[in-house]
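K.L.:
Residue numbers (the numbering used here), protein chains in the order written: chain A, 1 to 142; chain B, 1 to 142; chain C, 1 to 142; chain D, 1 to 142; chain E, 1 to 142; chain F, 1 to 142.
Mixed in with the good hints there might be a few duds.
Since the list can't tell identical chains apart, any single copy or any two copies may satisfy a pair.
In the BS3-like style, the derived pairs of lysine-lysine whose C-alpha atoms are separated by at most 25 Å in a straight line are [said to hold, decoys possible]: (1) K96 x K53; (2) K6 x K53; (3) K6 x K96; (4) K37 x K53; (5) K69 x K6; (6) K53 x K76; (7) K6 x K116.
Derived by calculation from the structure, the hints in this document are not laboratory data.
6 protein chains.
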Amino acid sequence: MNAGNKIAVFRKEHFNAAHRLFNPSWDDQRNEAVFGKCNNPNYHGHNYELMVKLTGEPDPETGFVMDLKVLSDIIKEHVVERFDHKNLNLDIPYFKDLNPTAENICMVIYTILREKIDLRFGIQVRLYETERNFVEYPVDIN
Amino acid sequence: MNAGNKIAVFRKEHFNAAHRLFNPSWDDQRNEAVFGKCNNPNYHGHNYELMVKLTGEPDPETGFVMDLKVLSDIIKEHVVERFDHKNLNLDIPYFKDLNPTAENICMVIYTILREKIDLRFGIQVRLYETERNFVEYPVDIN
Amino acid sequence: MNAGNKIAVFRKEHFNAAHRLFNPSWDDQRNEAVFGKCNNPNYHGHNYELMVKLTGEPDPETGFVMDLKVLSDIIKEHVVERFDHKNLNLDIPYFKDLNPTAENICMVIYTILREKIDLRFGIQVRLYETERNFVEYPVDIN
Amino acid sequence: MNAGNKIAVFRKEHFNAAHRLFNPSWDDQRNEAVFGKCNNPNYHGHNYELMVKLTGEPDPETGFVMDLKVLSDIIKEHVVERFDHKNLNLDIPYFKDLNPTAENICMVIYTILREKIDLRFGIQVRLYETERNFVEYPVDIN
Amino acid sequence: MNAGNKIAVFRKEHFNAAHRLFNPSWDDQRNEAVFGKCNNPNYHGHNYELMVKLTGEPDPETGFVMDLKVLSDIIKEHVVERFDHKNLNLDIPYFKDLNPTAENICMVIYTILREKIDLRFGIQVRLYETERNFVEYPVDIN
Amino acid sequence: MNAGNKIAVFRKEHFNAAHRLFNPSWDDQRNEAVFGKCNNPNYHGHNYELMVKLTGEPDPETGFVMDLKVLSDIIKEHVVERFDHKNLNLDIPYFKDLNPTAENICMVIYTILREKIDLRFGIQVRLYETERNFVEYPVDIN
Chain A
1 MNAGNKIAVF RKEHFNAAHR LFNPSWDDQR NEAVFGKCNN PNYHGHNYEL MVKLTGEPDP
61 ETGFVMDLKV LSDIIKEHVV ERFDHKNLNL DIPYFKDLNP TAENICMVIY TILREKIDLR
121 FGIQVRLYET ERNFVEYPVD IN
Chain B
1 MNAGNKIAVF RKEHFNAAHR LFNPSWDDQR NEAVFGKCNN PNYHGHNYEL MVKLTGEPDP
61 ETGFVMDLKV LSDIIKEHVV ERFDHKNLNL DIPYFKDLNP TAENICMVIY TILREKIDLR
121 FGIQVRLYET ERNFVEYPVD IN
Chain C
1 MNAGNKIAVF RKEHFNAAHR LFNPSWDDQR NEAVFGKCNN PNYHGHNYEL MVKLTGEPDP
61 ETGFVMDLKV LSDIIKEHVV ERFDHKNLNL DIPYFKDLNP TAENICMVIY TILREKIDLR
121 FGIQVRLYET ERNFVEYPVD IN
Chain D
1 MNAGNKIAVF RKEHFNAAHR LFNPSWDDQR NEAVFGKCNN PNYHGHNYEL MVKLTGEPDP
61 ETGFVMDLKV LSDIIKEHVV ERFDHKNLNL DIPYFKDLNP TAENICMVIY TILREKIDLR
121 FGIQVRLYET ERNFVEYPVD IN
Chain E
1 MNAGNKIAVF RKEHFNAAHR LFNPSWDDQR NEAVFGKCNN PNYHGHNYEL MVKLTGEPDP
61 ETGFVMDLKV LSDIIKEHVV ERFDHKNLNL DIPYFKDLNP TAENICMVIY TILREKIDLR
121 FGIQVRLYET ERNFVEYPVD IN
Chain F
1 MNAGNKIAVF RKEHFNAAHR LFNPSWDDQR NEAVFGKCNN PNYHGHNYEL MVKLTGEPDP
61 ETGFVMDLKV LSDIIKEHVV ERFDHKNLNL DIPYFKDLNP TAENICMVIY TILREKIDLR
121 FGIQVRLYET ERNFVEYPVD IN
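Looking at chain A on its own, in the form it has when it is part of the complex:
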């Protein structure tokens, strides 16, 4: 197998969710100082754009690394169905004790997908909270 034949494929999906940023071990004043308006106890929300990068070698019979329809279905079943139109703090157990910053949401999504995608594929997750604020995990993709 020749590493030089590796190619990356990307699929974008999206979900809309509410969240609130705060650290339950801090008092209100410190939460307000650090998280500002993101700390609104009544929540606010975002249209999250999710971009999943997957690396591997194209199958010589299909020309696909992975059919992007299949990748889309995996993302939809395990991420979008769980997160879309939800309150991340209240409805998603991962964020019961974890602040739903873009960084933490991205790492949770990576963890979810890493378990569902064969290890011969490298994966990387980019999550847009807004068009101007986004994050990517991991930094390197293997």
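With chain A held as given, fit chains B, C, D, E and F onto it using these hints.
P.N.:
Only chains B, C, D, E and F this time, still in chain A's reference frame:
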């Protein structure tokens, strides 16, 4: 004054908010049937993009219909500051008894801005709830 | 009923299709002169973006003019399912004797949707053939 | 001829230019107060996006209102070639005594194109100075 | 030469083409099962966006790694002119026996460009089949 | 500290500026031959989009690598305030003897930000001169 010199100017702003769609006079079953996942009692959210169109004649001394910096400041002061990082149902009195659909949010924003902008200018508000779902009010701009 | 309460709602969908521009009553030379590379007899293709505007009054019980999920379903059932991943010239009977220019595709889509959407709603169709070339029908929406 | 067959076609082009906003009959202080940082005497610049809308009836032989390649060539020859990579204040005679606000640039482009495009077609020009600031002339298209 | 001075420059181009996905050594049923609607024997099509990344050191006299006008001309001459408004399966010899998936098209474009661009520059090709499906080759750029 | 926990965060900002490309040690003819219309002595301009990538480990108490509001403020204070609505050649000392190509502007911005951001964070700067022409420095982020 010659109507033929009228020109339209546009300014886009954005805000991020949580909301929930439901009709309090209906039971849960009917709310679920009509509003589906938008009815999540824990709320979900969006990055709202707001585009305000204003029509009028350019001032011959400045070449501006209205300095878009001024229009931006009006929108920010009266809409964005009030709506951004808020829960529309809980934090915004307009939606105490009004379902915060894109249609109703757009008409509320129009009402707010119409009071703050001189009547010699026509205005129209377009509100994007997502890139693929948006609304515009009024249908005609006078 | 007060016309001043009319609001416009928009839904975007997309489909990918092949087409070829030519006039069967012309010879090859004239088709080549008029349609240039769009006349390739082996076809070329586009990602078409379709934006449907619908005008009406919000229902006071729901706050919707029409649930955009419903509008999306109508567009998907009657347009996207028929046009997506198709060869417009060969697979779509409307274009058996009609050149599939953006103008003609847009007017056909309008005709299809006008029959499926209640006449109390005005509709207008915008079709993007590329990001820089697009069309809209009708010019005025009633 | 049936007005109901009118359809609109759009073509987007772009140009990059420098400009400065000021009124030569005002003193520096007033120019600074009104135009702020846009009054920098050394100029600043923009990537202008230009969208031309043209209305008319499709030609039954071609299915085109106007071949968008032809419309693109008209815009490039008469607007883009003259404005691109230019200093609007210094290089474009139209702005010798006219402040190059988005409004005035848009109206000048309309005037240029109106002379080059057959009067049986309606035209309207939208000019984006930035993604968030743009203008459109005329308000109604005939 | 100091690797720390390397910088990446990018140029985006686009082409519109028709294609069909299938494996000629399979029967219709298996092609249908694997490629679904992408297997339409009458073809479908896309607006392909092509982004070429080139790495190298800026020339101290010009400040350019490579004039992006030059890079654009190379891409246009060797890729866009050959692929635009074509049927990839029928008109492009590379795909006579190679399934024109996004992966294979991307690798072919890389091969074409790698022969035309000096080896002191690293290159990487990203190809968007739709806004939500895209690929990149090679995974690492040297 | 576990490198595997590193994540990248991104913030986009923008500024509008004028510039001219030329090499003062060359005569007009050579500058014209190399820089073409970018050499206009009266300047032209762009809407520059600036994307800053920062890598590091999320703070376990906040879930942030760096609050993107803080990163935004650093970029605005040290880059946008200095470059926005300016003539890069005349108003920005860095370009007194350095040709303001996208490559050089990007490397200058990197240098400015690298001094203001703690060295435990890796940074990389992407600068869009237009939607189709952009650059990124450094090639690798540590």
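K.L.:
Could you place K6 and K96 in one of the four classes (within, between, both, neither) given a Cα distance threshold of 25 Å?
P.N.:
Classified as between; 22 Å across copies, 38 Å inside a copy.
K.L.:
Quick one: K37 to K53, C-alpha cut-off 25 Å, is that within a copy, between copies, both, or neither?
P.N.:
For K37 and K53, only the inter-copy Cα distance (24 Å) is at most 25 Å; the intra-copy one is 32 Å.
K.L.:
State whether the alpha carbon distance between K96 and K53 is at most 25 Å within one copy, between copies, both, or neither.
P.N.:
neither (27 Å within a copy, 29 Å between copies)
K.L.:
Go through the copies and call it for K69 and K6: within, between, both or neither, with a Cα cutoff of 25 Å.
P.N.:
within (19 Å within a copy, 30 Å between copies)
K.L.:
Given identical chains, is K6 near K116, meaning Cα to Cα at most 25 Å, within a copy, between copies, both, or neither?
P.N.:
both (20 Å within a copy, 22 Å between copies)
K.L.:
For the identical chains here, do K6 and K53 meet the 25 Å Cα criterion within one copy, between copies, both, or neither?
P.N.:
both (12 Å within a copy, 17 Å between copies)
K.L.:
From the Cα coordinates, with 25 Å as the cut-off, is the pair K53 and K76 best called within, between, both, or neither?
P.N.:
within (15 Å within a copy, 28 Å between copies)
The structure does not agree with numbered hint 1 stated previously, though it agrees with all others.
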